Amino acid sequence: MPSPQHPILRTFVAYVEDRPGVLNRIASLFRRRGYNIVSLNVGRTHEAGISRMTFRVEADEDTARRIEANLYKLVNVLSVEDITDKPSVSRDLALIKVSVGPDKRAEVLQLCEVFRARAVDVGPRDLIVEITGTQDKIDGLVAILEPFGIAEMVQTGTVAMTRGPKGQAATTMHQPPALRGVDAA
Amino acid sequence: MAASVTNLTPNETRPEARRLTGAQLIWETLVKEGVRVVFGYPGGAIMPAYDALPQYPIRHILVRHEQGAAHMADGYARASGRVGVAVATSGPGATNLVTGIANAMMDSIPIVCITGQVASTLIGSDAFQETDITGITLPITKHNFLVSRAEDIAPTLRQAFYIASSGRPGPVLVDITKDAQNAAIDYVDDGAPVRLPGYRPERSPVPEELERAIELIRKAKRPIVFCGHGVVKANATPLLLEFVHKTGIPVAQTLLGLGGFPATHPSSLGMMGMHGEAWVNTAIQEADLIIALGMRFDDRVTGNLKTYAPNAKKIHVELDPAEINKNVKVDLPLLGDVREILRLLLPHVEKLDIAEWLAHIEELKGDSAVRDIQVLPDNGRLFAAHVIHDLWRYTEGKALVVTDVGQHQMWEAQYYKHDHPRKLVTSGGLGTMGFALPAAMGARLACPDDEIWVVAGDGGFQMTACELATCAQENIKVNIAIINNGYLGMVRQWQEFFYGGRYVATPIKSPDFVKLAEAHGLSGIRVTRREEVREAVERARANAETTIIDFRVEQEDAVYPMVPAGADLNAMIRRPLPEGVKHNPIYETGED
Ligand SMILES: Cc1ncc(C[n+]2csc(CCOP(=O)(O)OP(=O)(O)O)c2C)c(N)n1
Ligand SMILES: [Mg+2]
Numbered sequence: 001m002p003s004p005q006h007p008i009l010r011t012f013v014a015y016v017e018d019r020p021g022v023l024n025r026i027a028s029l030f031r032r033r034g035y036n037i038v039s040l041n042v043g044r045t046h047e048a049g050i051s052r053m054t055f056r057v058e059a060d061e062d063t064a065r066r067i068e069a070n071l072y073k074l075v076n077v078l079s080v081e082d083i084t085d086k087p088s089v090s091r092d093l094a095l096i097k098v099s100v101g102p103d104k105r106a107e108v109l110q111l112c113e114v115f116r117a118r119a120v121d122v123g124p125r126d127l128i129v130e131i132t133g134t135q136d137k138i139d140g141l142v143a144i145l146e147p148f149g150i151a152e153m154v155q156t157g158t159v160a161m162t163r164g165p166k167g168q169a170a171t172t173m174h175q176p177p178a179l180r181g182v183d184a185a
Numbered sequence: 001m002a003a004s005v006t007n008l009t010p011n012e013t014r015p016e017a018r019r020l021t022g023a024q025l026i027w028e029t030l031v032k033e034g035v036r037v038v039f040g041y042p043g044g045a046i047m048p049a050y051d052a053l054p055q056y057p058i059r060h061i062l063v064r065h066e067q068g069a070a071h072m073a074d075g076y077a078r079a080s081g082r083v084g085v086a087v088a089t090s091g092p093g094a095t096n097l098v099t100g101i102a103n104a105m106m107d108s109i110p111i112v113c114i115t116g117q118v119a120s121t122l123i124g125s126d127a128f129q130e131t132d133i134t135g136i137t138l139p140i141t142k143h144n145f146l147v148s149r150a151e152d153i154a155p156t157l158r159q160a161f162y163i164a165s166s167g168r169p170g171p172v173l174v175d176i177t178k179d180a181q182n183a184a185i186d187y188v189d190d191g192a193p194v195r196l197p198g199y200r201p202e203r204s205p206v207p208e209e210l211e212r213a214i215e216l217i218r219k220a221k222r223p224i225v226f227c228g229h230g231v232v233k234a235n236a237t238p239l240l241l242e243f244v245h246k247t248g249i250p251v252a253q254t255l256l257g258l259g260g261f262p263a264t265h266p267s268s269l270g271m272m273g274m275h276g277e278a279w280v281n282t283a284i285q286e287a288d289l290i291i292a293l294g295m296r297f298d299d300r301v302t303g304n305l306k307t308y309a310p311n312a313k314k315i316h317v318e319l320d321p322a323e324i325n326k327n328v329k330v331d332l333p334l335l336g337d338v339r340e341i342l343r344l345l346l347p348h349v350e351k352l353d354i355a356e357w358l359a360h361i362e363e364l365k366g367d368s369a370v371r372d373i374q375v376l377p378d379n380g381r382l383f384a385a386h387v388i389h390d391l392w393r394y395t396e397g398k399a400l401v402v403t404d405v406g407q408h409q410m411w412e413a414q415y416y417k418h419d420h421p422r423k424l425v426t427s428g429g430l431g432t433m434g435f436a437l438p439a440a441m442g443a444r445l446a447c448p449d450d451e452i453w454v455v456a457g458d459g460g461f462q463m464t465a466c467e468l469a470t471c472a473q474e475n476i477k478v479n480i481a482i483i484n485n486g487y488l489g490m491v492r493q494w495q496e497f498f499y500g501g502r503y504v505a506t507p508i509k510s511p512d513f514v515k516l517a518e519a520h521g522l523s524g525i526r527v528t529r530r531e532e533v534r535e536a537v538e539r540a541r542a543n544a545e546t547t548i549i550d551f552r553v554e555q556e557d558a559v560y561p562m563v564p565a566g567a568d569l570n571a572m573i574r575r576p577l578p579e580g581v582k583h584n585p586i587y588e589t590g591e592d
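These protein sequences, in sequence, are chains A and B.
Position one of the first sequence corresponds to residue 1 (this note's numbering), numbered consecutively onward.
Position one of the second sequence corresponds to residue 1 (this note's numbering), numbered consecutively onward.
Quick caveat, the hints were computed from the structure, so don't treat them as lab data.
One or more hints might be untrue.
[What the hints assert, rightly or not] Here chain B is said to cover these stretches of chain A; the calculated rule only asks that three of the stretch's residues, wherever they fall, bring their Cβ under 8 Å from a Cβ of chain B:
#1 71–78
#2 141–155
[What the hints assert, rightly or not] Which stretches of chain B does chain A cover? Using the computed rule of at least three CB atoms under 8 Å from a CB of chain A, they are:
#3 196–202
#4 318–330
Since the model is a prediction, treat every value here as computed from it, not as a measurement.
Yeah, the Cβ is synthetic: ideal placement off N, Cα and C, and Gly gets one too.
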């Protein structure tokens with residue numbers, strides 16, 4: 001068990017108003033307070049005008065709570081949740097261009113199969129592999145493909161969602177984190 | 001069924017649409033927000049707004065530098081509790097506001113800054129006087145807006161006032177493009193409430209936490225209440241008095257909390273922190289309970305965090321969750337408005353059995369030399385401490401004092417006893433030299449019946465002395481005490497203590513302040529001896545025009561006690577005593 005004072009990789013989900021400059025406000029907050037973003041992803045949701053962000057930060061428990069509290073102070077932030085300790089699914093997506101011609105193609109495709117990755121483009125001297133999964137899984141595939149020659153690769157930030165029937169509607173999560181004192185009984 | 005389309009009963013009619021320009025809508029909205037005065041400076045991108053201004057009952061104060069406009073809005077807000085407004089043009093006008101905005105941000109002061117911006121079609125083209133002021137001020141505003149359509153002006157300004165003044169207050173900037181100001185729209189004031197789905201400024205404590213606080217208070221043997229800026233801002237002074245009368249707990253103030261609890265009240269200990277009273281800092285280190293009201297444990301208050309108040313349980317009453325456990329780990333946070341939480345606690349607290357603790361603090365006081373007025377040599381020369389002390393005496397402690405930043409600011413905090421909230425206006429978090437004169441002018445407009453005194457250093461005063469011309473043009477009367485020591489005194493003091501006495505770039509030459517006043521059509525008085533103080537103060541008060549008193553004080557005096565930055569709170573540098581003099585208790589009787 002990591003102690004609460006020990007920084008660990010944490011995953012947050014936030015809903016924000018879909019307006020110009022909102023990402024800048026969030027990035028500026030992280031920069032100014034010295035929080036170290038490991039990855040950040042923003043995209044639209046099914047609700048018009050609302051974007052959802054997933055971001056991962058190295059932080060101890062106290063810092064994590066203050067990150068939440070500081071994000072709540074941004075007027076365009078609708079809700080924030082630290083889902084690090086909640087049962088959840090998180091995924092990254094990567095595209096990897098492997099420099100292989102026809103001779104080794106089958107071998108690469110076979111390896112990809114093991115990782116449930118798939119080829120999304122094939123050229124005479126290269127192919128593009130798409131993989132979704134956790135960072136570990138992506139790292140594993142990269143290590144396997146490296147010897148064949150990786151020409152380029154791109155990866156999204158993590159997106160995450162908690163398990164269970166209840167969705168995190170942007171409009172229902174309102175309260176900033178419950179704050180506890182050091183010896184609160 | 002046309003009748004069901006609207007909710008209007010037959011007698012009601014829709015408010016009529018009026019054709020207004022964006023420029024008119026700016027002032028129209030400000031008037032509805034209760035604004036009667038704005039501080040500003042015109043220029044190309046804000047000219048449409050200025051052109052429409054005479055149609056509205058708003059007084060405009062033409063400043064000499066936009067930094068002054070922001071500080072005036074700030075001083076206005078601090079003195080009145082209402083939102084102050086500054087107006088500037090794009091580009092250099094907007095960037096000149098920056099220091100004033102940062103100052104308001106650090107001390108959580110509600111101001112709204114309105115800036116003109118180049119036409120929306122030109123944004124991003126590096127047009128003449130285009131500057132990304134919303135980008136620049138992003139980290140130093142509570143929120144900011146770029147408005148490029150006339151339709152958005154009124155709703156945005158209303159949001160700006162709401163955000164600036166609610167919750168933990170702060171500066172909001174609204175950047176309005178020139179084409180939005182020029183466009184005319186059919187405007188219907190529907191009076192709809194401001195809708196900001198992501199903005200929830202209220203907080204309230206959980207009942208169990210309140211119970212636990214009551215428990216901690218009941219058990220305390222050596223408790224102290226901290227009165228921070230939040231007490232002043234929440235207008236919580238009457239409830240704090242009640243709390244102290246009921247419990248008997250003594251009160252220490254932060255710099256910005258001065259006046260939040262009356263300084264001459266028997267339970268008032270005085271200021272804490274770097275230049276706080278020695279006995280207060282010692283008592284904090286010995287306390288077993290701290291009830292911190294609306295303050296943020298700034299490093300100037302705590303000294304070394306590792307050794308700070310090691311024996312005390314800490315209850316932190318605070319509106320902003322992001323402040324909890326930021327600098328000092330607290331045992332119990334109570335989230336909410338200070339006044340509301342005091343109201344909830346009051347019925348459950350009672351007189352504490354702390355006579356021993358109070359007697360101990362009395363002893364600490366007796367051992368302290370901070371009140372060193374008496375040990376200063378009475379050689380007929382002027383000491384800043386004497387000047388402030390006399391100013392307090394001759395104004396009967398009733399003036400609204402606005403200070404600049406430096407030694408004089410600390411002496412003011414130590415020797416002018418503020419018995420009422422909002423009667424000390426000072427730049428705490430940012431420590432902005434040049435703040436005093438413009439902030440005092442803002443305070444003057446907010447509080448026309450107050451006697452206003454600027455206490456400034458010879459260095460800082462010169463940073464915004466151009467506003468003397470504004471005083472003259474706008475007939476703004478303030479009294480100005482320049483504590484003229486020929487140095488950037490606070491920096492010189494650090495050089496004396498920590499840099500081997502090497503006074504690099506701190507001796508400062510000033511203009512003849514008396515002549516400077518006269519050059520503006522104002523009055524100036526020079527004071528070099530203590531016996532001249534009273535008459536000068538009285539003449540300044542009697543003058544109809546702004547009057548400067550140039551107090552030529554002892555040049556190399558230092559502010560004592562002092563906790564060196566980062567040192568333990570009770571590791572204080574004390575004034576060396578003259579030979580044969582013991583640390584003696586100083587009871588200020590008004591005779592000192
Ligand atoms: C704008 C700004 N620049 C620099 C400083 C650093 N500083 C803090 S106090 C001080 C000296 C102030 O000198 P003066 O106004 O003469 O006041 P004194 O300390 O002599 O009373 C300086 C330079 C500051 N606080 N603000
Ligand atoms: Mg000076």
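Comparing the hints with the structure gives:
1. Counting residues of the region 71–78 of chain A whose C-beta sits closer than 8 Å to any C-beta of chain B gives 7, which meets the bar of three, so the coverage hint holds.
2. Check on the region 141–155 of chain A: 0 of its residues sit with their Cβ under 8 Å from a Cβ of chain B, so the three-residue criterion for coverage is violated.
3. Taking a C-beta to C-beta cut-off of 8 Å, the region 196–202 of chain B contributes 5 residues in contact with chain A, enough for the three needed, and the coverage statement holds.
4. Residue count for the region 318–330 of chain B with a Cβ under 8 Å from a Cβ of chain A: 8. That meets the three needed, and the coverage hint holds.
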